[in-house]
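Asks: Quick mapping for you: the protein sequence lines, in order, are chains L and X.
Position one of the first sequence corresponds to residue 1 (our numbering), numbered consecutively onward.
Position one of the second sequence corresponds to residue 1 (our numbering), numbered consecutively onward.
No lab work stands behind these hints, which were simulated from the structure alone.
Certain hints may be false.
Below 25 Å or equal to it, Euclidean Cα-Cα: the simulated BS3-like pairs (lysine-lysine) are [as the list claims (entries may be wrong)]:
{"#": "1", "chain 1": "L", "residue 1": "Lys-68", "chain 2": "L", "residue 2": "Lys-89"}
{"#": "2", "chain 1": "X", "residue 1": "Lys-80", "chain 2": "L", "residue 2": "Lys-68"}
{"#": "3", "chain 1": "X", "residue 1": "Lys-80", "chain 2": "L", "residue 2": "Lys-43"}
{"#": "4", "chain 1": "L", "residue 1": "Lys-89", "chain 2": "L", "residue 2": "Lys-43"}
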Amino acid sequence: MIHIVQNIIAIFFILAGLFFFTTSIIGLIRFPDFYCRMHATGKGDTLGTILLFAGFIVYEGVTLTSLKLLLIPVFIFLASPTVTHSIGKAAVNCCAKGWEKEKSKEEGASA
Amino acid sequence: MREFYIWVSVFLCVLTLLNLYRAIYGPDTLTRIIAINAIGTKTVMILILIGLIYERLEMFIDIAIVYALLSFISTIIAAKYLERRKAIE
């Protein structure tokens, strides 16, 4: 009986994690410029990872492997913001420009 | 439960393909680095799922930990190089 409840909770967590992975992918593809894309993937992947691993831990139960399973999301929770920060700093210093809305006719005419 | 894990890993592979599109098409190198970083975290997910499918989670967890570390460090180094390259140009 306990296995069924465990499986259901694990399935719920895994589906939630997949949802956030898909939103981060859609953000990566659809957003106009570099900063928006970085914004989407940096956050979407981290939350997706945490939810997915929560599902795996619930499925595994209380064992040594579930302790190790806990190690990866904690590491990714610390590492992913660092990576996004360093890439953002490199982009600001090096080459990426922000996205400006194209001037519509009236603004163009008046500007 | 095994079929569910198989379907989840197939779905993650499809997501990785979408990611690959941005990695190849990406206008400048920075979006490519971001796409590769996202593919890296997805690979960690797929590794754990394969471990769950084959019931050998102990082995695959260590591989996934090492892969997560490597993909994190490689992205940081790529960003550091890009910053320095601007100084060189």
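Asks: Compare the structure with each hint and give your call.
Replies: Status of each hint after checking the structure:
Proposed proximity of Lys-68/L and Lys-89/L is contradicted: the alpha carbons are some 32 Å apart, above 25 Å. Of the pairs offered as hints, the one joining Lys-80/X and Lys-68/L is violated, with about 30 Å between alpha carbons and a cut-off of 25 Å exceeded. A C-alpha spacing of about 21 Å is found between Lys-80/X and Lys-43/L, which places the hinted pair at or below 25 Å, so the restraint holds. A C-alpha spacing of about 17 Å is found between Lys-89/L and Lys-43/L, which places the hinted pair at or below 25 Å, so the restraint holds.
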